[in-house]
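Number of protein chains: 4
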Amino acid sequence: MSKINFDLSRPINIIVAGRAGIDLNTIDISCAFKDNRGYTKTVGGSPANIVQGLAKLGVKVGFIGKISDNGMGEYIKETFEDANVDTNGIVFDKTGAPNCVAITFIKTPVDCGSFFYRNGTADLLLEPSEISQDYIKNAAAVLLSGTAFSQSPSREAMFTIIEYAKMYKTKVIIDIDYRPFGWKSPEETAIYYNLALASCDIIIGNREEFNAVEYLTMRDNRDNDKSAKALLNSNASLVIIKDGEKGSIAFTKDKEPIRCGIIKTKALKTFGSGDAFAAGLLYGLFNDMELIDAMKFGSACGSMALKTVSCADGLPKYKQVISYMTENKFLD
Amino acid sequence: MSKINFDLSRPINIIVAGRAGIDLNTIDISCAFKDNRGYTKTVGGSPANIVQGLAKLGVKVGFIGKISDNGMGEYIKETFEDANVDTNGIVFDKTGAPNCVAITFIKTPVDCGSFFYRNGTADLLLEPSEISQDYIKNAAAVLLSGTAFSQSPSREAMFTIIEYAKMYKTKVIIDIDYRPFGWKSPEETAIYYNLALASCDIIIGNREEFNAVEYLTMRDNRDNDKSAKALLNSNASLVIIKDGEKGSIAFTKDKEPIRCGIIKTKALKTFGSGDAFAAGLLYGLFNDMELIDAMKFGSACGSMALKTVSCADGLPKYKQVISYMTENKFLD
Amino acid sequence: MSKINFDLSRPINIIVAGRAGIDLNTIDISCAFKDNRGYTKTVGGSPANIVQGLAKLGVKVGFIGKISDNGMGEYIKETFEDANVDTNGIVFDKTGAPNCVAITFIKTPVDCGSFFYRNGTADLLLEPSEISQDYIKNAAAVLLSGTAFSQSPSREAMFTIIEYAKMYKTKVIIDIDYRPFGWKSPEETAIYYNLALASCDIIIGNREEFNAVEYLTMRDNRDNDKSAKALLNSNASLVIIKDGEKGSIAFTKDKEPIRCGIIKTKALKTFGSGDAFAAGLLYGLFNDMELIDAMKFGSACGSMALKTVSCADGLPKYKQVISYMTENKFLD
Amino acid sequence: MSKINFDLSRPINIIVAGRAGIDLNTIDISCAFKDNRGYTKTVGGSPANIVQGLAKLGVKVGFIGKISDNGMGEYIKETFEDANVDTNGIVFDKTGAPNCVAITFIKTPVDCGSFFYRNGTADLLLEPSEISQDYIKNAAAVLLSGTAFSQSPSREAMFTIIEYAKMYKTKVIIDIDYRPFGWKSPEETAIYYNLALASCDIIIGNREEFNAVEYLTMRDNRDNDKSAKALLNSNASLVIIKDGEKGSIAFTKDKEPIRCGIIKTKALKTFGSGDAFAAGLLYGLFNDMELIDAMKFGSACGSMALKTVSCADGLPKYKQVISYMTENKFLD
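Protein chains in written order, with my numbering: chain A, 27 to 358; chain B, 27 to 358; chain C, 27 to 358; chain D, 27 to 358.
Everything labelled a hint here was simulated from the structure, so no lab data went into it.
Wrong hints could be hidden among the right ones.
Since the list can't tell identical chains apart, any single copy or any two copies may satisfy a pair.
Stated by the list, open to error - Within a straight-line C-alpha distance of at most 25 angstroms, the following computed DSS-like cross-link-like pairs (lysine-lysine) qualify: (1) K103 <-> K60; (2) K281 <-> K29; (3) K133 <-> K103; (4) K195 <-> K252; (5) K195 <-> K279; (6) K252 <-> K29; (7) K120 <-> K60; (8) K192 <-> K255; (9) K272 <-> K292.
Use the sequences and the hints to build the structure in full.
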């Protein structure tokens, strides 16, 4: 493979599936929760970040997910609509479930993260019967967030998307997005990731995430080549392994691995950078860039995203990325 | 009864039991969630408001509850310690459960409230075995929040407190604090409220809450006298029925009901006012005020609490209450 | 109290509430499960045994419980109807839940018991809303099986019966019937038994069962007098403590405890004997016997029940009890 | 494919995985539950029937499953050991879960079946971490019962077996064994059957079961050829569709479908016949029979199994099958 073959004649380039929540972004940085004075709000959650990033770059995107039937859900839907994200795949929960929320803290650029509210939330209640075959048929690709496989019935809704994608030759992309919360055991995690990955065309994750995937079958492997080979021998045609400050590596069936460095910057926090990378990378792939160029574009997006307190605000527009790439140098 | 007989020789006047959570208080008012720009944070939840209110008035208080074992929990504990709330009855959850959170909105002073995050939270995981007999023995009274009876094992922890309180003649006070969320059915609600109220000395609630209590036994009753009489015939010696703008009524075994009006004020929101009332009322009872004076003191506190965005910030100090009562008139 | 005052003008003398299941009675005795050749079937479960025993003695009885909506449930209902047990309080489960089943084994008269199938069974799904006020109103007494308090919503259905019984002055009798299965912790067990016992007129149990009741409040107590006094000081007017081969003791408010011995017999098994005792004792109380005579009558029934493989078959008729009492001697 | 290539040098020919329970076999036939006088007991459950059938025919078999840690479990294990079923893959449950039980009824040869006790039973609690890689490695094939995919963690244990089987080139056989009980929705059923079948070499089921498999992807299909082709195009090399009185059809990748008739007999009941067929068919495949001959052998076993009250007793020995085939004619 040199390039992935997306059917861009379909009305939607890519549908992102998974959670869309509220990020409550700390106003104060360099302090613990107790010393924060307050929060601003944006729409967040890894899949929501990716879809907002893609939309900002001009990709034709849709979203599949379940949101709360209250002011929070309305805010998410309106935010997506304002950002040109197609919301026909969004379902309002009717059981009274709350929406997921992440309350962020940034003690240092490294010791940062979120208090997550994901217990019994609307996103995990998406049902297989709420997935529309036609919606999947109308998209060139779907991107599934691995976290959406962590609990039923969201897990089964994701496998339903995969079944429909196979029926209509919609490409399947997964961002492994592994977070221990919500999974019952490392065995369970490995099983469902393996079942999902066996049907994916493009797989994106970091080393820790591939370790989780390989827990049952290659528990001691830490070798990226070996991880990628196993997946390329199965169904995948592109495996991207992210390695933080060292950049990322792309594995394809018939070529040598391609390495891409990063643009070093003064980071405010680390979370959200991977989502911006994925958005940029996919923008490149949808716009016929060479793989290395798409990776560089994604890498620039990821670098830019390190510089804002909120994830959503860190997602750049095309011109901003080009300027940033002109003004800064890639480290190998 | 003219006055309740508290054993004030015990080291703690009153232990409040139930949830202590994070209030994320809307910065903007008169707008929907989507238009809010941000939030400040305080420690909230009805029992946490009451205990903070009592502490601010100088009552010797303790708290029983379970909080998350992370920055949020630490913030709650430190806030209580700084406020002179004894925290020896507080337990850190070891299962990774999040702390409860309420994200407030104030569209109008009447259309206001919170997005609650109470699903699987630490407060509801308090176990009967985590209740210390000695702690209950050392207090003149315990105040139980009715919401803590909504789910197991918190429900059983509350009944354990009641058992120990009976053993040591610690007075039992309940704030009915009925919220439909968390309860499975109106029958279940009525059953456990009845079982709890049968052992309470002082009962505080509004008409809607008494309706919930009476769902099985007097479903059509809307008569405060009848409600109070049933409880006074059982175990209670004081029943307070709150009636919003109309003030409150106190029922005792052998005297005529006592009515207390309110101090009218321009309200910013309504929630939290009842907690301030309870704190003020109990302050009065612990400080040997006549019942009508304690009610007036509580009523002034409730009025003052209507004027701030956050509940915690609306809880007054003694001198502030006295000034407020001097400067304003009670409506009957 | 010398005699309990039942309102025998009501159409039903006593309603028994709890589980009615299938007993699969081992054909072979003196062997382990693996060597049994087969089973016969009867209707069993402690409350079903008691109600069948009462009916056989001629008491006007009804039953409250939920049974499976299949051939098993139909068999139970028909068996009750054939035995003159009023079945208007029986509800068929509509969720597809199976009926409870006990598969018995008798290795020795002492090492005997059952494999219980009680997980998610119909009896535990009885809802508070399925309890009829009028049905309770029409009975002189209700007998609640303690096991029915072990899980929701059956637990709440039992408390609903208690509320209605109080409204209509229907006497409340409890057979503690404590089995660890189904309860989450000894604290939970103690809490709900205490809440239930606080409203009971007659309480029947053995020493181990009273230990479970007293786990929170008198954990080290093994003194029957102390146990009985605590309950008689609350609401009970009769407490019966069974002591196996040593017979039983009856405690009342104002008289000395009454001891009743047993009729020694060659036992085939031990289970079911307590149910026959309860049926006989209550027969006596409903038929104006002196307490000691009712106890003797119950004790004879319990002795007779030791001699059959199945519980149901061991329940005697009045004339059989009288003959048995004439032919055999009580040991003190 | 003409023949499946099993590695018969491995110590075990085939491991069967799934539930092993107690069948309580009605003594009386032609009557409803209420009129049955009693029951005999055998070890049953579809996978237990298959493994006992294979063992009786002399195949080297093992079993993977979880059983109750009491007399029932011991009876199952001893029965297996006596029948030459290797029990090294059997795990005793340590949570106190009961063993699954089926209580059979035979009103007519057609209106017959079981009361199932499968709620929270030991078999469904098998954990992925309890599956031994080495055990799978030492077998030429594994046969998975589809019902074991219906609930977690048994579902994940089955997928773990599949992962290990792939690692060691152990052939994977599935008996779809679809029973609606235990599954949450037809979508969920279809998803997990599809995920499982995608890794199976041999697939055995009837038309209704293939309908359940195809619920998401070919909901209206009733065409066996189409069903088989879809699976053969994926991973399967042999698909057997059973059609009751019409016999069975075998589909392979490169040959015409092979049809096999039945030996007509006076049936006592219908259940258990499919398990005997599977045992006979696999016996044939392990013993180098031509596919049509293996099918005939299986079909004879299935016919013989119709004639006994219990499933286990209907499983024949090799010589019995040969005699039966000699004495009876196949109908096409």
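**Study point:** Which numbered hints fail
**Key:** none
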